[in-house]
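If you read the sequences in order, they're chains H, D and U. Per this note's numbering, the first sequence starts with residue 1, numbered consecutively. Per this note's numbering, the second sequence starts with residue 215, numbered consecutively. Per this note's numbering, the third sequence starts with residue 371, numbered consecutively.
I should point out that these hints are in silico values taken from the structure, not numbers from a laboratory. A couple of the hints might just be wrong.
Straight line, CA to CA, 27 Å or less: simulated DSSO-like cross-link-like pairs of lysine-lysine [to be verified]: (1) U:K406 / H:K110; (2) H:K90 / U:K400; (3) H:K204 / U:K423; (4) H:K44 / D:K315; (5) H:K105 / U:K374.
Label pairs and their in silico Cβ distance ranges [as the list claims (entries may be wrong)]: (6) U:R395 / D:E278: 48 to 54 Å; (7) U:L408 / H:P5: 23 to 29 Å; (8) U:L379 / H:E184: 34 to 40 Å.
Not the full set, but computed from the structure, chain D residues with beta-carbon under 8 Å of chain H [as the list claims (entries may be wrong)]: (9) Q226; (10) A228; (11) V236; (12) A238; (13) G239; (14) C240; (15) I241; (16) L271; (17) L352; (18) R354; (19) E355; (20) A359.
Here the structure is a predicted model, which means the values were calculated and not measured. Glycine included, C-beta positions come from ideal geometry on N, C-alpha and C.
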Amino acid sequence: MTNGPITIRIFDLHKGVVVDASLHKGLTEEQIRRAQAEWEPIRKESIARLRDQGHPLEELPKHWGWDWTRKISRLGNPLLGFYGIECEGKMQGLLEVAKEGHLAKLPVQKGKPLIYVKYVETAPWNIKLLAPKPHYGGIGSQLMRIAVELSLTEDCKGRVGLHSLPGDKKGEPEWFYQHVCYMEPIEAERDGEGLLYFELTKEKADEFLKGGKS
Amino acid sequence: MRMFDEDAWIRQKAAEEDGAFVSAGCIMMPADPLPAPTSDALAARLSLSRFVQLGRLKLRLTKEQFATKAQIPLKELVCIEDDDQYTPTLRTVHMLAQFLKVSHVKLLTLAGLAQAKDAQFNDAAVRFAAMSEPIRQLTREEQEAFDEFAKFLSAR
Amino acid sequence: MADKRTMTLNLNDDEMDALDALSSRYDMSKTAIIRKALRMYQVIDTRLQRGEKLFMEDEIEKKKSELLVL
């Protein structure tokens, strides 16, 4: 099910200004196919280029085989949420969340329901590692904001959990969740692929929404 | 009460984010529930299984020796060779491609981690799977089939 | 999202106690609990209508048991 898009703001890094973007709550098959068709070749070329430049294998983004079209069969599932940020006719970021079935693991909120981010990705042209001059900034933060606001709507008090793709250096996923989103890592909850689990408490969710401690 | 200034918030977050690579989920992104694999996908996986096994036999290596030289987990090598339903990790496919000197993109396609671009790829995979049977020593025909498929996988 | 509509819900003591307990355990309003329950039931019902069965899995014991929904 999709509703009409609402306007949100993102940062155009090329122009140095804040611009309007459309937040789609609920995605269509066509939107997903188009995003995948636009992202995949750029993603792969960029990573192949990095490899050719001699970047070690361990430092290459691990998500380059991702295929969002595999999720099309789940689009109507009421337990899940699909969101996309669109600007200039292209998806700039995609998000899939689970609204049910995940409970918090941090001792301070153990057992409480949270919104679990199943998949999140920003378009390859927005990532510094893949594009010399990223186009839009703040997409990742806006996607996380969507997850936090959904958590509030669902009465999960802003609690969010996810398994991050690897990389704890500045600019890498684990760093992003910890330092930009104020999430806490839990080593003991790594998944079967060894991905590190991060969780946001309601206090930190509030901080995140306000842009830091007031 | 502090009113939310979205513009100020996004400016701040864009600066903090600084083009960071934002991603969460899993490395392999399985479809869930897994749809029944197509016959092309099954043939491709069987080809991968046979290709790796024949590649190892051609080099006259045991599984352990091969795993060590290719720098991949032995457990994964066993799964790749013996279970044609097994999907290897991205890293292992990269290491195999490097070790066997074939295109990592094509090997990823065989592994089911990337999509085949055309029917030619699927046809080649099916032919190879049909030709090769796992035995201890390569027959001459298998050696030739292996060399030809390896040449195909190495081509850009 | 569509505008919300209000309904009155009559529950017996046991049902209300169960709702209170869930609300307290999960730190959620009773309304939120009922919404979650409805959503889960909706999904389960769709799958049951297709002829599927509902199972719970014990991850530690690696055991599956069937949950019957009448």
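How the hints compare with the structure:
1. U:K406 / H:K110: Judged against 27 Å, a Cα distance of about 19 Å means the pair holds.
2. H:K90 / U:K400: With a Cα-Cα distance of about 40 Å, the restraint between H:K90 and U:K400 is violated, given a limit of 27 Å.
3. H:K204 / U:K423: With Cα atoms ~40 Å apart, H:K204 and U:K423 exceed 27 Å; violated.
4. H:K44 / D:K315: holds (19 Å)
5. H:K105 / U:K374: violated (32 Å)
6. U:R395 / D:E278: 48 to 54 Å: holds (51 Å)
7. U:L408 / H:P5: 23 to 29 Å: Holds: the Cβ-Cβ distance is about 27 Å, inside 23 to 29 Å.
8. U:L379 / H:E184: 34 to 40 Å: Cβ of U:L379 to Cβ of H:E184: about 37 Å, so the range 34 to 40 Å holds.
9. Q226: Interface hint status for D:Q226: holds (5 Å vs cutoff 8 Å).
10. A228: holds (3 Å)
11. V236: For D:V236, the interface hint holds, since the closest Cβ of chain H sits about 3 Å away, which is under 8 Å.
12. A238: Hint on D:A238: holds, closest Cβ of chain H at ~4 Å, below 8 Å.
13. G239: holds (4 Å)
14. C240: Since chain H brings a Cβ to about 6 Å from D:C240, closer than 8 Å, the hint holds.
15. I241: Hint on D:I241: holds, closest Cβ of chain H at ~5 Å, below 8 Å.
16. L271: Violated - the Cβ of D:L271 stays beyond 8 Å from chain H, reaching only about 26 Å at its closest.
17. L352: violated (30 Å)
18. R354: Violated. Min distance 36 Å.
19. E355: violated (33 Å)
20. A359: violated (27 Å)
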